[in-house]
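Chemist: Put chains B and C with the ligands on the given structure of chain A with help from the hints.
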Amino acid sequence: MPAVALPATADWLAALAGEPLPGRRQEDWRFTDLAPLQAVAPQLWAGPDPFAHVVLPAGVTRLDGAEIQALADPILHATGSATAWPVRLNQGASPHGLALRVSGAAGPLQLQLDAGDGPGLLALQLLLVLEEGASFELLVRHASRGANATSLVTLVQLGRGARLNLGVLAAGDARASLLSHLAISQAPASELQLTTAVGGWGLSRLEPRVCQLEGAAQTRLRALQLVDGQELADTHSQVSFGGPEGELDQLHKVVADGAGRSVFNGAVRVPRQAQQTNAAQLSRSLLLSERARVDTKPELEIVADDVKCAHGATVSRLQQNELFYLQSRGIAADQASKLLLRGYCEEVLRELPAAAAACHPLQLLLPERP
Amino acid sequence: MSTATVGDLVSQPYKHGFVTDIETEKIAKGLSEDVVRLISSKKDEPDFLLAFRLRAYRQWLQMEEPNWAALGYPVIDYQNIIYYAAPKQQEKKASLDEVDPKLLETFEKLGIPLSEQKRLSNVAVDAVFDSVSIATTYREKLAEHGVIFCSISEAVKEHPDLIEKYLGTVVPSNDNYFAALNSAVFSDGSFVFIPKGVECPMELSTYFRINSADTGQFERTLIVAEEGASVSYLEGCTAPMFDTNQLHAAVVELVVLDDASIKYSTVQNWYAGDEHGVGGIYNFVTKRGQCRGDRSRISWTQVETGSAITWKYPSCVLQGADSVGEFYSVALTNNRQQADTGTKMIHVGPRTRSTIVSKGISAGHSSNSYRGLVQIGPKAVGAKNYSQCDSMLIGDQAAANTYPYIRSQQPDAAVEHEASTCRISADQLFYLQSRGIGFEEAVSMMVSGFCRDVFNQLPMEFAAEADKLLALKLEGSVG
Amino acid sequence: MIRPDAPLLLEIRDLHARVEDQPILKGVNLTLRAGEIHAVMGRNGSGKSTLSKVLAGHPAYTVTAGSVTYRGADLLELDPEQRARIGLFLGFQYPVEIPGVSNLEFLRVATNARRAERGEEELDTFAFEDLVRERLKVVQMDPAFLERSVNEGFSGGEKKRNEILQMALLEPLVAILDETDSGLDIDALRIVAEGVSQLAGPDNATLLITHYQRLLDLITPDYVHVMAAGRILRTGGKELALELERTGYDWVDQELANLEATSEREPVEVA
Ligand SMILES: Nc1ncnc2c1ncn2[C@@H]1O[C@H](COP(=O)(O)OP(=O)(O)OP(=O)(O)O)[C@@H](O)[C@H]1O
Ligand SMILES: [Mg+2]
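Residue numbers (my numbering), protein chains in the order written: chain A, 116 to 485; chain B, 4 to 482; chain C, 529 to 799.
Derived from the structure by calculation, the hints contain no laboratory data. The structure presented is a predicted model; accordingly, all values stated were derived computationally and were not measured. Hints may contain errors.
[What the hints assert, rightly or not] Here are the simulated DSBU-like cross-link-like pairs (lysine-lysine), alpha carbons at most 35 Å apart as the crow flies:
#1 B:Lys112 to B:Lys266
#2 B:Lys347 to A:Lys423
#3 B:Lys347 to B:Lys160
#4 B:Lys266 to B:Lys168
#5 A:Lys453 to B:Lys144
#6 B:Lys144 to B:Lys112
#7 B:Lys105 to B:Lys266
#8 B:Lys387 to A:Lys423
#9 B:Lys382 to A:Lys453
#10 B:Lys144 to B:Lys266
#11 B:Lys144 to B:Lys32
#12 B:Lys29 to B:Lys199
[To be verified] If you want the footprint, here are the derived chain B segments under chain A, 3+ residues with CB under 8 Å:
#13 226–239
#14 411–417
[As the list claims (entries may be wrong)] Per label pair, the in silico range of CB-to-CB distance:
#15 B:Asn83 to A:Glu142: 27 to 35 Å
#16 B:Tyr76 to A:Glu142: 15 to 23 Å
#17 B:Thr358 to A:Arg335: 28 to 36 Å
#18 A:Ala473 to C:Ala672: 53 to 61 Å
#19 A:Gly344 to B:Glu68: 38 to 46 Å
#20 A:Arg335 to B:Met463: 45 to 53 Å
#21 C:Arg718 to A:Arg335: 48 to 56 Å
#22 C:Phe654 to B:Pro49: 40 to 48 Å
#23 A:Glu142 to B:Thr358: 21 to 29 Å
#24 B:Met463 to C:Glu645: 28 to 36 Å
#25 B:Thr358 to A:Arg406: 23 to 31 Å
#26 B:Thr358 to C:Arg661: 31 to 39 Å
Glycine included, C-beta positions come from ideal geometry on N, C-alpha and C.
One chain only, chain A, in its complex shape:
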């Protein structure tokens, strides 16, 4: 990559977003080095529309153009996403779009969003509207084998009593970037399970934002971040409760090896109207190398007295006593570590939608090293 291309890309990206690239002075980007993104050629990805030939399962139909904007805006508004830089970039980059309506108990769907080895910025937008009582399982797979960037904005609206199992499985390339922003609004009695597993990207930035519009919904977030080499993985999650009796169960796991960097910022907002919220957030990081770094920052903001909010964070290497237990049963130390590491990842991976099993996510993200 020629050094002269760098400023050109930054300017090009800034022009698309209508705003300069976020810098370290912005609290939300303090630890996020955008160098891999700036190393991408300043052009739009030229391959075919990955949404062109999607075959929809029963119960899922395409939304028409007129409806899309009217549905998208309130979601962006509820999660405060409209001003997020990755969203602005996406909107400026004429994204390919897929907008779906789900009614009843729909069949599962899998989307392959592979940037391959083509250069440039692949911009995609996905809108999902789950009608009252609908249920749906969606697996989004990202992949890359070259110096490119994928920008995906996913907007989801869950109607009353709707159930969504959304999985993001993203195995990338050290030269590639992934910017994935998920804005999800939940009506009461809806259930969201969002499982993300990301590894191998030079830069990945996940921004799941969930708003329980009137509370009384269930949100379950599971995330696994793997970094090695010089990779940086960043997750900025945000969950807010617009009414009482909402539930959140969040687990964020990290495996940091090599000279990798992991950033996790988990905001939970419980305003006055959200009494009887029950929120739990746990962040667990495994630091496997002397050169790797982990930055984690939960953010709890609570203005309601009758709530249960707990959060916890641990950063350490593999548990000594677990290792010892396995060793005491005759398993060699490195074998035992491997077993534990796999088990550690599996806790998240097994929660991906069923379709993920076919692509062996563990093998994909944590390839057996020679």
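Modeler: Showing chains B and C with the ligands alone in chain A's frame:
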């Protein structure tokens, strides 16, 4: 039957809100290089200190006031503050008998008797009134053990070498906006030096009193514990009730060498403003300790109940191998108070350990934030941190925020953080009441139960004090 | 011990109460005189604990009709702590845990509040320690429990003993013990029963809520009441408990149906 709810318990009138009527020497409002020079010359300071102040002032001019804390307050006009005020009394008196009786009376009224007959038997006190230290008890007795305990102004004159050696080495003058301001204009504060191998024979304590309405207080405290030395130090603070805000920007530096330890406790009860948020102290404090030596130890314990705004992160830089840092904090906010407090534990050396226990209680329309950083550097092999942050919310108008950063670069280190939020449950209250314990007492029992892990860390004499203070703050109109 | 001329301690008249919008008590009548021991039995959910909590003044329950007179005065207008201070004691079915609050401190403050009400002097820490150690013997409890937080981490049986310890310290005139016997091992049951018998005297009254005859074998009740659907359906002597042991509660349904039929005849006909 009473329909009282926990939220109805609002603060008791402030007990320390009186003003002492005493002739005061003040300099004109405003800050400039001349003012910095004037303060230095009033204190007859050596050149190195004037140079230190001027450098800090120039750095301050280049800096921006931080705005990242979860605090909201009107812009402070730094030119509308008096940077030096002292009760008129020429020299610091050699004997207490010569101290203006009004001052002695003031401190007695605050529960800090200074006179020979009444002073506390096992606590040495340095009493600071506005910008100057007016008396320090037990100096001679401490001197017998080689312990130096005096105001920092006196230390500058009597032990300039020690001041020059340590001042600004833990909190550099350009550390942050308020530290720079303090370094430029600091007036008084305490100096403690515990020589090698000495265990300080009594508790040391400084009591800070702001009296003037438009004066800022910028005290500076420096405590040094040489190899194997140890000391327990406590500071207390109060101020009169004014409907304007006073700025308090202190800097505290602790240095501990091999096998030494400092236990630093604070009971902060500056005036908090009224229930509408009018008046009160803006408390912007930089406190940091450096565990320079191996196996050294610093323990911060704070009970923060006062001030309109508290911005304060007592921190430990754990350099020495096997050094230990601790932070125990209770922060209670009520009415319109805002507190943004926490700690930084910077693990540099191998096998360093730290513990953080923070208890935040928010009532009324107040906002109470814990902000902490646990940083494990690449050389901190075997480092360990455990943090626990609990919030108790009283009423549905108060905010409790928790921002615990963790940054780790060392795989062979373990960091563990836990946080929870609770309130006083109706069933617990009923249980206590059904045993004849009154509503207010039941609440205050549960609040102090919530804080017990922290109170246990306070020196005996002050634990009961802190308990009472907290009860007072929550006591009041039920109904 | 029944003495018709003994002073009236507690008189419950046609008591109705609800929780949230759910009516639970539907006309309870009960009279306790000094020296008497009453047992209240009844199926799960019949309202026994509700009655005990209403008497103790739990804020979640609202009295909608009826009256409760304690030694001639209206009990219902008093705060829970006031009721405790004048000698009403409730041993909870599920004592709550209060982390951080020391058990010893709690017991001392409670005891002193009761003493103050009786015009007795406050006990300082030392005097109280002596008293509490003496009373610990009543329940044969390890003094180590005093150092812990109120009920925190106590086993079910330990919590119940802690309740009786409180009763021994507060010396109530009316003690309501809600299933104090459940969760106790055989020895503990005997200890608790002995404790209760020891504390019961000619000047106070005890209301035992229980499911089992085994407690009543150890503490002989003067009256046994059967509660059902929020009222007292039947009252008898100690034989009633033995009869229940044999027959169970099947007869209750029949009797309740009769009751419903009388009270709701009109709406039934309309339907
Ligand atoms: N807070 C509440 N909300 C709704 N219903 C309640 C509440 N408290 C009690 N109840 C109901 O009131 C009824 C009576 O409950 P109570 O606890 O008094 O029964 P009990 O006779 O003590 O039963 P047990 O023998 O199981 O202890 C039950 O049906 C219970 O579910
Ligand atoms: Mg019951």
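Chemist: If a hint holds in the structure, say so; if it doesn't, say that too.
Modeler: So, going through the hints one by one against the coordinates:
| no. | hint | result |
| --- | --- | --- |
| 1 | B:Lys112 to B:Lys266 | 27 Å, holds |
| 2 | B:Lys347 to A:Lys423 | 26 Å, holds |
| 3 | B:Lys347 to B:Lys160 | 33 Å, holds |
| 4 | B:Lys266 to B:Lys168 | 22 Å, holds |
| 5 | A:Lys453 to B:Lys144 | 64 Å, violated |
| 6 | B:Lys144 to B:Lys112 | 25 Å, holds |
| 7 | B:Lys105 to B:Lys266 | 32 Å, holds |
| 8 | B:Lys387 to A:Lys423 | 28 Å, holds |
| 9 | B:Lys382 to A:Lys453 | 26 Å, holds |
| 10 | B:Lys144 to B:Lys266 | 21 Å, holds |
| 11 | B:Lys144 to B:Lys32 | 40 Å, violated |
| 12 | B:Lys29 to B:Lys199 | 40 Å, violated |
| 13 | 226–239 | violated (count 0) |
| 14 | 411–417 | holds (count 7) |
| 15 | B:Asn83 to A:Glu142: 27 to 35 Å | 30 Å, holds |
| 16 | B:Tyr76 to A:Glu142: 15 to 23 Å | 20 Å, holds |
| 17 | B:Thr358 to A:Arg335: 28 to 36 Å | 32 Å, holds |
| 18 | A:Ala473 to C:Ala672: 53 to 61 Å | 59 Å, holds |
| 19 | A:Gly344 to B:Glu68: 38 to 46 Å | 41 Å, holds |
| 20 | A:Arg335 to B:Met463: 45 to 53 Å | 48 Å, holds |
| 21 | C:Arg718 to A:Arg335: 48 to 56 Å | 50 Å, holds |
| 22 | C:Phe654 to B:Pro49: 40 to 48 Å | 56 Å, violated |
| 23 | A:Glu142 to B:Thr358: 21 to 29 Å | 27 Å, holds |
| 24 | B:Met463 to C:Glu645: 28 to 36 Å | 32 Å, holds |
| 25 | B:Thr358 to A:Arg406: 23 to 31 Å | 28 Å, holds |
| 26 | B:Thr358 to C:Arg661: 31 to 39 Å | 35 Å, holds |
When the structure is compared with the earlier hints, violations turn up for hints 5, 11, 12, 13, 22 and for no others.
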